[in-house]
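Protein chains: 2
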Amino acid sequence: MKLFSGIGGTAPVQASGPVPPGLLEAFDAYETALLTNDVAALDALFAPGPHTVRGDGTHLLVGHDAIAGFRSGRTVIPTRRVTGVLVRPVGDDAALLMASTRAPAGGATGLQTQMWQRVEGVWKVGAAHVSLPARPAPAVDESIWRVVGTPMVDASGRGPLDGATVAVKDLFAVAGQKTGAGNPAWLAGQEPNVASAPAVGALLGAGAVITGIARTDEFAYSLAGQNAHYGTPPNPAVPQGISGGSTSGPASAVALRQVDIGLGTDTAGSIRVPASYQGLVGLRTTHGAVSAEGVLPLAPSFDTVGWLTRDAATALRVAEVLLPAATATSATRTLALPTVDALATPDVARALQTERERLVAEGLLPPLEQADLTTEVLEEWFTAFRTLQAHEAWAANGDWITAHPGTLGADVAARFTAASTITDDQAAEARAVVGLARTVLADLLEGAVLVLPSSAGGAPARDAGPDQVEAERAGTLRMTCLAGLAGAPALSLPRLRTADGRPAGLCLLGAPGSDRDLLQLAISGGLA
Amino acid sequence: MKLFSGIGGTAPVQASGPVPPGLLEAFDAYETALLTNDVAALDALFAPGPHTVRGDGTHLLVGHDAIAGFRSGRTVIPTRRVTGVLVRPVGDDAALLMASTRAPAGGATGLQTQMWQRVEGVWKVGAAHVSLPARPAPAVDESIWRVVGTPMVDASGRGPLDGATVAVKDLFAVAGQKTGAGNPAWLAGQEPNVASAPAVGALLGAGAVITGIARTDEFAYSLAGQNAHYGTPPNPAVPQGISGGSTSGPASAVALRQVDIGLGTDTAGSIRVPASYQGLVGLRTTHGAVSAEGVLPLAPSFDTVGWLTRDAATALRVAEVLLPAATATSATRTLALPTVDALATPDVARALQTERERLVAEGLLPPLEQADLTTEVLEEWFTAFRTLQAHEAWAANGDWITAHPGTLGADVAARFTAASTITDDQAAEARAVVGLARTVLADLLEGAVLVLPSSAGGAPARDAGPDQVEAERAGTLRMTCLAGLAGAPALSLPRLRTADGRPAGLCLLGAPGSDRDLLQLAISGGLA
Chain A
1 MKLFSGIGGT
11 APVQASGPVP
21 PGLLEAFDAY
31 ETALLTNDVA
41 ALDALFAPGP
51 HTVRGDGTHL
61 LVGHDAIAGF
71 RSGRTVIPTR
81 RVTGVLVRPV
91 GDDAALLMAS
101 TRAPAGGATG
111 LQTQMWQRVE
121 GVWKVGAAHV
131 SLPARPAPAV
141 DESIWRVVGT
151 PMVDASGRGP
161 LDGATVAVKD
171 LFAVAGQKTG
181 AGNPAWLAGQ
191 EPNVASAPAV
201 GALLGAGAVI
211 TGIARTDEFA
221 YSLAGQNAHY
231 GTPPNPAVPQ
241 GISGGSTSGP
251 ASAVALRQVD
261 IGLGTDTAGS
271 IRVPASYQGL
281 VGLRTTHGAV
291 SAEGVLPLAP
301 SFDTVGWLTR
311 DAATALRVAE
321 VLLPAATATS
331 ATRTLALPTV
341 DALATPDVAR
351 ALQTERERLV
361 AEGLLPPLEQ
371 ADLTTEVLEE
381 WFTAFRTLQA
391 HEAWAANGDW
401 ITAHPGTLGA
411 DVAARFTAAS
421 TITDDQAAEA
431 RAVVGLARTV
441 LADLLEGAVL
451 VLPSSAGGAP
461 ARDAGPDQVE
471 AERAGTLRMT
481 CLAGLAGAPA
491 LSLPRLRTAD
501 GRPAGLCLLG
511 APGSDRDLLQ
521 LAISGGLA
Chain Z
1 MKLFSGIGGT
11 APVQASGPVP
21 PGLLEAFDAY
31 ETALLTNDVA
41 ALDALFAPGP
51 HTVRGDGTHL
61 LVGHDAIAGF
71 RSGRTVIPTR
81 RVTGVLVRPV
91 GDDAALLMAS
101 TRAPAGGATG
111 LQTQMWQRVE
121 GVWKVGAAHV
131 SLPARPAPAV
141 DESIWRVVGT
151 PMVDASGRGP
161 LDGATVAVKD
171 LFAVAGQKTG
181 AGNPAWLAGQ
191 EPNVASAPAV
201 GALLGAGAVI
211 TGIARTDEFA
221 YSLAGQNAHY
231 GTPPNPAVPQ
241 GISGGSTSGP
251 ASAVALRQVD
261 IGLGTDTAGS
271 IRVPASYQGL
281 VGLRTTHGAV
291 SAEGVLPLAP
301 SFDTVGWLTR
311 DAATALRVAE
321 VLLPAATATS
331 ATRTLALPTV
341 DALATPDVAR
351 ALQTERERLV
361 AEGLLPPLEQ
371 ADLTTEVLEE
381 WFTAFRTLQA
391 HEAWAANGDW
401 ITAHPGTLGA
411 DVAARFTAAS
421 TITDDQAAEA
431 RAVVGLARTV
441 LADLLEGAVL
451 VLPSSAGGAP
461 ARDAGPDQVE
471 AERAGTLRMT
481 CLAGLAGAPA
491 LSLPRLRTAD
501 GRPAGLCLLG
511 APGSDRDLLQ
521 LAISGGLA
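If you're matching them up, the sequences are chains A and Z in order.
Be aware that the first sequence starts at 1, since it is given in the working numbering, and climbs by one per residue.
Be aware that the second sequence starts at 1, since it is given in the working numbering, and climbs by one per residue.
Because the hints were derived from the structure by calculation, they are not lab data.
Since the model is a prediction, treat every value here as computed from it, not as a measurement.
Only true hints are included.
All copies of an identical chain are treated as equivalent in the list; a pair is satisfied when it fits inside any one copy or across any two copies.
List time: in silico DMTMM-like cross-link candidates among lysine to aspartate or glutamate, alpha-carbon distance up to 20 Å:
1. K2 / D28
2. K2 / E31
3. K2 / E25
4. K178 / E191
Use the sequences and the hints to build the structure in full.
Set out below in structure tokens:
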């Protein structure tokens with residue numbers, strides 16, 4: 001048997017016919033260039049032009065330029081040896097070459113298939129398909145989870161949630177476990193909780209099991225999910241995108257089908273934003289409807305318990321366990337707030353409008369009315385919301401943060417520093433505006449369902465610049481604050497897409513107490 | 001742009017030249033056959049003969065027959081749709097086709113590359129490379145772990161194990177956690193432990209953290225790792241092989257680099273066998289040298305605490321924490337027991353002999369002597385060992401097993417049933433033989449290191465027949481029982497290979513108390 005002798009050693013060659021001259025030498029040059037990261041040599045070995053293609057199962061790059069761009073940005077260089085080569089000549093000037101590879105130290109096997117063609121006497125790769133050896137997985141993805149079990153906590157009863165699995169945001173007390181709040185210094189100072197939060201206990205009593213305790217942004221004071229200590233959980237709907245937060249770990253665990261239910265909190269969008277970014281169902285409940293006992297507070301005037309699921313039916317089963325008995329109100333009007341819609345990116349705003357009109361036209365939502373809310377009023381309300389939220393967040397966490405300097409991630413630290421400057425007078429003024437807004441919104445929402453975007457756009461890229469992140473955040477907060485101001489339930493449904501295909505949520509916001517009605521609307525309309 | 005219209009819907013086709021007639025129709029027939037599991041049609045679409053090839057990064061199948069055999073044995077049928085097709089014609093009668101695919105419900109992307117060739121007017125696939133969409137990973141691999149954290153338990157002090165991560169076999173008490181013993185019915189009846197086992201506490205005090213509690217065979221009464229309730233942990237060194245047990249989960253966690261140290265127990269090989277099968281370092285300690293307090297007993301006459309690592313230096317750091325101060329004995333003789341070697345498979349026996357002679361010749365081990373142990377004596381000792389082990393195992397677990405019928409996996413249940421029949425008289429007789437063997441072995445091991453195989457062969461296949469498993473087990477137990485009979489330490493080192501490349505352990509068995517000497521021998525000889 002012929003032997004291939006290259007940079008990684010020798011390997012047997014099995015061919016279906018005479019191996020064309022120069023082919024194995026060209027392949028050797030390719031392997032050498034790859035393992036030494038000789039980008040110029042690799043570029044020269046790939047055929048020029050728009051038809052050259054390289055794929056690896058996750059990404060398909062078409063055109064020499066796209067492939068060259070990928071190579072120049074690559075920072076991890078493969079280490080491997082070729083363990084076998086198959087050659088399948090096609091005529092005199094083309095051959096398919098398949099090389100089996102193996103990572104060092106008994107590592108995983110890989111396979112690369114290359115279509116080589118001889119153009120003007122020189123062998124070039126026209127198409128390549130690479131199966132990369134899988135990297136060893138850690139015992140647990142620490143960007144998603146802090147503790148996990150099979151399950152971690154067994155059900156304590158039977159009921160509508162029999163067999164359902166739950167990821168609990170690391171703000172809830174779970175008996176025998178500490179509460180970590182997304183910050184390692186905080187965690188280090190905790191003792192195990194003696195009792196579980198009532199919301200957790202109710203799920204266990206209804207037959208659910210707790211798979212584990214999942215990540216939160218630090219003290220829940222972010223909408224991004226980019227925890228400085230534990231990383232950003234994956235967003236399977238947008239592989240290059242952030243997860244959204246602060247209920248970041250539970251959302252990713254639900255999206256990855258690791259659990260059925262993500263139990264979290266929503267003060268200013270912390271359920272709705274990750275639901276929107278990951279294409280999930282997310283319910284923020286009516287303020288005060290679900291006990292927040294045993295849950296670390298952020299801003300009690302707005303804090304609510306909520307949950308993320310992959311479908312509305314599961315979300316309703318949770319609602320039947322955690323929420324008071326259903327009221328029998330049903331909306332007779334669909335509301336739109338053009339001022340709010342205009343804060344979304346144009347593609348999301350357009351998708352929302354189209355979907356909202358379709359739902360009304362098909363009778364899945366009641367007749368549409370445009371409501372009037374000026375930009376000035378929205379801005380005044382939003383400022384009051386943020387001021388009061390910040391004041392309460394500092395009241396809840398300021399002492400600990402002051403005593404533990406340097407322990408917060410930069411963005412959360414900056415937010416708390418700003419929060420620390422708010423005076424009691426400013427907070428009192430904000431509280432008055434919030435009270436007014438709540439009254440106005442109560443009138444507006446009476447018998448109505450407000451349909452707005454859950455977030456200004458889809459998930460920003462993990463490496464998006466601060467301006468882009470801040471623009472998304474600023475628009476989103478002006479949408480999400482309305483439920484907080486109203487003390488109202490808000491249900492994010494995976495109904496929209498950005499122009500480039502990222503999911504975005506359509507949000508149903510109802511009068512306080514209408515939580516189950518929103519879920520019923522979603523279910524009867526086939527919306528999730 | 002041209003459209004491909006097939007069973008999964010339509011997809012754009014991008015070609016570098018005119019698409020040869022009939023090619024897309026043939027590809028459509030292929031997709032239809034694949035998604036409907038029409039094995040005959042798939043066989044007909046692959047070119048006949050020995051050069052047809054199909055690879056997926058893990059396996060490469062060469063020849064039409066091998067591919068057909070794979071298809072006929074496949075039980076999971078892909079569900080996916082084609083999202084894009086690239087065609088790269090090569091002459092008139094050949095074309096490379098690359099199809100991007102996507103799993104349902106926003107699932108992962110895949111890529112398949114096919115070399116099509118027209119033979120006598122009919123298009124056939126001559127080569128195929130498939131990147132399968134990755135399956136969603138669970139939150140935790142329940143074949144390896146029961147509970148896991150980041151970490152699960154923090155260090156309580158600093159020392160030689162600073163930052164080292166530990167998987168604790170589910171037989172050790174960990175404060176705040178239950179002890180599961182590899183059986184869900186047992187686990188359900190447990191309360192969380194108030195205190196950790198001293199061995200666990202000592203590791204934490206020396207700076208190690210506990211990543212989690214890892215799987216054991218039920219009540220540690222098996223060498224296979226094939227837990228009937230939680231599955232068989234992966235063996236990364238032998239992907240189709242069993243893990244070995246009963247310290248199965250810790251071994252896999254170490255081999256997968258999820259932790260540095262696997263803390264376990266060894267009664268009749270439960271550290272040495274998984275070390276052997278997975279290419280790890282595994283130390284069974286001198287009987288009584290490490291406290292077994294807080295560890296569920298199997299057979300106290302032989303039970304020992306031990307650990308698995310990827311290198312001998314880490315194993316020595318653990319020894320410095322858990323074992324008494326070093327004695328200063330050093331072996332002056334290397335012993336071989338031809339009777340025992342002969343129980344290994346011929347390839348392992350040969351590999352052992354070659355390696356042992358090399359080590360002696362290079363002065364890494366002291367001069368070699370052949371010791372005399374007849375098959376009859378070995379068989380008598382082994383029978384006594386098994387009898388006493390079984391009697392003690394029933395004494396430790398019989399009441400619970402009797403009270404919980406039907407809760408054990410079949411093989412472990414059968415073993416306990418057999419154990420239940422052993423009379424006190426039989427046990428007393430066995431104990432006398434064990435005492436005699438211990439005296440004989442103490443003489444034999446004085447100033448010596450016995451070099452033998454850690455297991456009769458490499459890891460059996462997961463689907464190996466019962467005869468093969470029993471043959472491997474029978475040979476292995478006659479090797480591993482010697483350390484138990486002697487109360488002696490035994491160190492398995494990843495020095496051997498089976499004929500087909502599976503790892504197997506070379507075992508150093510020393511006089512009681514020589515645990516650290518064995519590790520020093522391994523380190524100074526560069527053996528692991």
